[in-house]
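Required output: the full structure, derived from the provided sequences and hints.
Those protein sequence lines, which keep their order, are chains A and B. When the letters of the first sequence are read in order and numbered with the numbering used here, they come out as residues 2 to 482. When the letters of the second sequence are read in order and numbered with the numbering used here, they come out as residues 2 to 482.
Keep in mind the hints are simulated off the structure, nothing from the lab. Hints may contain errors.
If you anchor each label on the Cβ, the simulated ranges turn out as follows [said to hold, decoys possible]:
(1) A/463 to B/158: 30 to 40 angstroms
(2) A/424 to B/277: 19 to 29 angstroms
(3) A/457 to B/277: 33 to 43 angstroms
(4) B/239 to A/34: 45 to 55 angstroms
(5) B/444 to A/56: 34 to 44 angstroms
Some chain B residues near chain A, calculated using beta-carbon distances under 10 angstroms [what the hints assert, rightly or not]:
(6) 46
(7) 66
(8) 68
(9) 92
(10) 93
(11) 252
(12) 254
(13) 255
(14) 259
(15) 290
(16) 377
(17) 380
(18) 473
Stretches of chain B that chain A covers, calculated by requiring three or more beta carbons in the stretch to come under 8 angstroms of a beta carbon on chain A [stated by the list, open to error]:
(19) 364 to 373
(20) 394 to 408
(21) 455 to 469
The beta-carbon is built from N, C-alpha and C at its ideal position, and this holds for glycine as well.
There are 2 protein chains.
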Amino acid sequence: MPQLGLLHGRAWAVLFGQLRRPPGAVCIRAVHSHSQGTRDLSPQQVVVREKILDMVVSCFKRHGAKGLDTPAFELKETLTEKYGEDSGLIYDLKDQGGELLSLRYDLTVPFARYLAMNKVKKMKRYHVGKVWRRESPTIAQGRYREFCQCDFDIAGQFDPMIPDAECLKIMCEILSGLQLGDFLIKVNDRRILDGIFAVCGVPESKFHAICSSVDKLDKMSWKDVRHEMVAKKGLAAEIADRIGDYVQCHGGVSLVKQMFQDPRLSQNKQALEGLGDLKLLFEYLTLFGIAEKISFDLSLARGLDYYTGVIYEAVLLQTPAHAEEEPLNVGSVAAGGRYDGLVGMFDPKGHNVPCVGLSIGVERIFSIVEQRMKTFGEKIRTTETQVFVATPQKNFLQERLKLIAELWDAGIKAELMYKNNPKLLTQLHYCENMGIPLVVIIGEQELKEGVIMLRSVASREEVAITRENLVAEIQKRLSES
Amino acid sequence: MPQLGLLHGRAWAVLFGQLRRPPGAVCIRAVHSHSQGTRDLSPQQVVVREKILDMVVSCFKRHGAKGLDTPAFELKETLTEKYGEDSGLIYDLKDQGGELLSLRYDLTVPFARYLAMNKVKKMKRYHVGKVWRRESPTIAQGRYREFCQCDFDIAGQFDPMIPDAECLKIMCEILSGLQLGDFLIKVNDRRILDGIFAVCGVPESKFHAICSSVDKLDKMSWKDVRHEMVAKKGLAAEIADRIGDYVQCHGGVSLVKQMFQDPRLSQNKQALEGLGDLKLLFEYLTLFGIAEKISFDLSLARGLDYYTGVIYEAVLLQTPAHAEEEPLNVGSVAAGGRYDGLVGMFDPKGHNVPCVGLSIGVERIFSIVEQRMKTFGEKIRTTETQVFVATPQKNFLQERLKLIAELWDAGIKAELMYKNNPKLLTQLHYCENMGIPLVVIIGEQELKEGVIMLRSVASREEVAITRENLVAEIQKRLSES
Chain A
2 MPQLGLLHGR AWAVLFGQLR RPPGAVCIRA VHSHSQGTRD LSPQQVVVRE KILDMVVSCF
62 KRHGAKGLDT PAFELKETLT EKYGEDSGLI YDLKDQGGEL LSLRYDLTVP FARYLAMNKV
122 KKMKRYHVGK VWRRESPTIA QGRYREFCQC DFDIAGQFDP MIPDAECLKI MCEILSGLQL
182 GDFLIKVNDR RILDGIFAVC GVPESKFHAI CSSVDKLDKM SWKDVRHEMV AKKGLAAEIA
242 DRIGDYVQCH GGVSLVKQMF QDPRLSQNKQ ALEGLGDLKL LFEYLTLFGI AEKISFDLSL
302 ARGLDYYTGV IYEAVLLQTP AHAEEEPLNV GSVAAGGRYD GLVGMFDPKG HNVPCVGLSI
362 GVERIFSIVE QRMKTFGEKI RTTETQVFVA TPQKNFLQER LKLIAELWDA GIKAELMYKN
422 NPKLLTQLHY CENMGIPLVV IIGEQELKEG VIMLRSVASR EEVAITRENL VAEIQKRLSE
482 S
Chain B
2 MPQLGLLHGR AWAVLFGQLR RPPGAVCIRA VHSHSQGTRD LSPQQVVVRE KILDMVVSCF
62 KRHGAKGLDT PAFELKETLT EKYGEDSGLI YDLKDQGGEL LSLRYDLTVP FARYLAMNKV
122 KKMKRYHVGK VWRRESPTIA QGRYREFCQC DFDIAGQFDP MIPDAECLKI MCEILSGLQL
182 GDFLIKVNDR RILDGIFAVC GVPESKFHAI CSSVDKLDKM SWKDVRHEMV AKKGLAAEIA
242 DRIGDYVQCH GGVSLVKQMF QDPRLSQNKQ ALEGLGDLKL LFEYLTLFGI AEKISFDLSL
302 ARGLDYYTGV IYEAVLLQTP AHAEEEPLNV GSVAAGGRYD GLVGMFDPKG HNVPCVGLSI
362 GVERIFSIVE QRMKTFGEKI RTTETQVFVA TPQKNFLQER LKLIAELWDA GIKAELMYKN
422 NPKLLTQLHY CENMGIPLVV IIGEQELKEG VIMLRSVASR EEVAITRENL VAEIQKRLSE
482 S
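Encoded structure:
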């Protein structure tokens, strides 16, 4: 036999006796992997994901959101200059003629583009969809290059902090509902951060770079962040120290009040606006009964360019798995903020629509739930089949086909074995393995007598049912279980 | 005021008073469109799509399918040489370092790649997902460059035609269930087509080109197709005429029997295999009660390279809209076939897994259902909100927020107006417009007496309910409606 590498086109096809197309259409290389940083979801994973997404979407609907869907790719210029330092992670499509396109990087920018394009001034929408980022994949942390986001946003000119408070309420409802263990939502305001930089003496040209350094405080110590500011970003040491006094603070509403009294910060108009809004926000959060879940954290900066006001990020405080397990480091599981300037960037006249929203990092939540299920050895059904149509008899395919069509037509979820002469034991084992609750068994004797045996897989009890009553009896049993 | 074109970065940001980031991060161009050939789905369209997809997926689950999800892009080589003449329509990603990637063109090739990669020998799976093709968009016909496919496939070595018959049953169930009017499923077999070409004297090198011509018979007359074969593809006129005798035939199982008797075709081994399978298929379709929906159509060719046996395509026979309406030309709404050689192309040793499947062209079905709804002026709710929390009073935001949090926490879908002092009439109008069935009204008097007014939007009846009983009463009313 010749080596595979020497076989070409038709020869290979003939050898394997399967392909019919002419030489050009036959592929000889063996390709058998998905691309790096992406993954297939197995049936088990699809079931877990569906349960989590159902729960998330039902919360969004509970808060009156409408669904929206946008294309996977946008015009390249739509995504340009929205994501700051992370813009290099955008996937571009190849120029094959026509427009220059990029895969969407989040669901927020397409939403803003939709609002501007359709001149929508007010909308509460949710969107569940995939986004793509060319990140170095550290898959252990639940980070992929393709991942699912669940977004909820409120667009429109309203009285301050009411929609913002609802966004935080939604985050609490979802994180509680998914039983991921204790969590905390860090809150800050971009205007307060800018105010801090201003009163500490950061030159305006360095705001962005210094903000990026502050953003690292969840992973690095203040000492290391300070070093970066001074050594790498050329900030004067005393300015860095002043910043340090602020950004190491976190607390509840009392910290908001304390900052109002701060002799330097209280001189800054932007910071005062931010503090005023946070004070109001905490009032509403108290009415919602979630204030104790929220921490005013001056180190929270958020990476994206488009935020203009309140920002927030939810972190899990403990992993729900067994104590002896490695804790799964999942970082933040939900985040968001106010972006009042983004819609205007897509409007020819710059008309703005104020927006606030949140994004649930479901991919990380999938990892946690999957690990929890592994730990507890939970088994999940990957099909919903209710009835299996079996026979102990040879040459009974015709009877089985007629019977299963009746079940399908009655809306009953049913399967059979695609064999002319399957063994009864094989058929019953299949039901046990797949968790199928009922089996109908048809044989020569039953056919003569006009009955079918209905068997419960769990109890192994069998009863004879007349053919006419079978569908009704199955429906009765299923509605009872 | 300077012209927009003269404003740069920060200046523009300052002018519009919204953006906080340094100059580089500010975009001045007004971009406000999605890319050509794609579209956003509005909330109305999302609701319609969800209903259709729910119905399709529940049929797939009724037949015991497991869910599977694969990434939006695959390694470029995975898609190479699978789609024949249409390969030019594949979207490639830009080479930004790393692997060469392409957006998936269908859900079948990723499924085959998954089976080979995971050495899965047997699987019944469904997959609902977007695929991308660089087609000249003729949007009126419901053709887009991004569109949703719903696939069901059965992989594994089974007795002949049982899974194939189930695929046709599924197509019938879905098309009947969606009430799209009368439909017909054309069936043919690639081996019969090849047999016809062989016995008519087509040189093997021209099989592919002639097959493509035959594929056009649903849009072109035989005269024009014949002309293409002879003038453009260099086929001898008498050979074309012999082909014409065959491919203009269509009928039921009797045509299968007739072809068995055909003096030329009955000499061809491949054709005989195909005819034998079709005969068996029609037996099973009769048992399923759907034989009268199926037409053996020798002109059916299907574009894709990977089919090796039975192929099929469902077409609507009439549009369900009003008689005076323009009929919507939607072409085929579902299609599929057997592809026994595809998995082997991804397996290093060429091991094959026989497969058969179908794809529902839901995008076209969306168009039909949307048009039908327009015609009948059907209104659909885009939110599921059950209760609106209103007040006739000024400065009652705190009470409303406390109350709505109670409702949300009880799982009730509720909304309020994001205003400190909304007008009662505005609030009630909103409920009527949005189809929200219940309103709870809280005012000073009610607060004093410890009651809430519960109003039915339809009947405009109001009753006072004590605060403690409100959630229970709402739940009772909602469960009754």
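Here's how the hints hold up against the structure:
Separated by about 31 angstroms at the C-beta atoms, residue 463 of chain A and residue 158 of chain B satisfy the suggested range of 30 to 40 angstroms. The beta-carbon spacing between residue 424 of chain A and residue 277 of chain B, approximately 26 angstroms, falls within the hinted interval of 19 to 29 angstroms. Here the CB-CB span from residue 457 of chain A to residue 277 of chain B is close to 40 angstroms, well matched to the stated 33 to 43 angstroms. For the pair residue 239 of chain B and residue 34 of chain A, the beta carbons lie near 50 angstroms from each other, so the given range of 45 to 55 angstroms is met.
At roughly 35 angstroms, the beta carbons of residue 444 of chain B and residue 56 of chain A sit within the given window of 34 to 44 angstroms. Below 10 angstroms, beta-carbon pairs count as interface contacts, and residue 46 of chain B has one with chain A at about 8 angstroms; its hint therefore holds. Contact between residue 66 of chain B and chain A, as hinted, is supported at the beta carbon level, the nearest pair being about 7 angstroms apart and thus within 10 angstroms. With a least beta-carbon distance of about 4 angstroms to chain A, the hint placing residue 68 of chain B at the interface is held under the 10 angstroms criterion.
The beta carbon of residue 92 of chain B is positioned within 10 angstroms of a beta carbon in chain A (closest approach about 6 angstroms), and the interface hint is therefore held. At a threshold of 10 angstroms, the smallest CB-CB gap from residue 93 of chain B to chain A is about 4 angstroms, leaving the interface hint in force. Here the hint on residue 252 of chain B is broken, as its CB sits about 23 angstroms from the closest CB of chain A, past 10 angstroms. Below 10 angstroms, beta-carbon pairs count as interface contacts, and residue 254 of chain B has none with chain A, the closest being about 16 angstroms; its hint is therefore violated.
The criterion of a C-beta within 10 angstroms of any C-beta in chain A is not met by residue 255 of chain B, whose closest approach is roughly 20 angstroms, and the hint is violated. Violation of the interface hint for residue 259 of chain B is found here, the shortest Cβ-Cβ separation to chain A being roughly 24 angstroms, above the 10 angstroms cut-off. Interface hint status for residue 290 of chain B: upheld, as the beta-carbon distance to the closest one in chain A is roughly 6 angstroms, under 10 angstroms. For residue 377 of chain B, the interface hint is violated, since its Cβ never comes within 10 angstroms of a Cβ in chain A; the closest pair sits about 22 angstroms apart.
The beta carbon of residue 380 of chain B is not positioned within 10 angstroms of any beta carbon in chain A (closest approach about 14 angstroms), and the interface hint is therefore violated. Among the interface hints, the one on residue 473 of chain B is violated; its C-beta lies about 18 angstroms from the nearest C-beta in chain A, farther than the 10 angstroms criterion. Requiring three or more residues with a Cβ within less than 8 angstroms of a Cβ of chain A, the coverage given for the stretch 364 to 373 of chain B is violated, as only 0 such residues are present. Coverage of the stretch 394 to 408 of chain B by chain A holds [criterion: at least 3 residues with CB-CB distance below 8 angstroms; count 5].
Counting residues of the stretch 455 to 469 of chain B whose C-beta lies closer than 8 angstroms to any C-beta of chain A gives 0; at least three are required, and the coverage claim is violated.
Violated hints, listed in ascending order, are 11, 12, 13, 14, 16, 17, 18, 19 and 21; each of the other numbered hints is respected by the structure.
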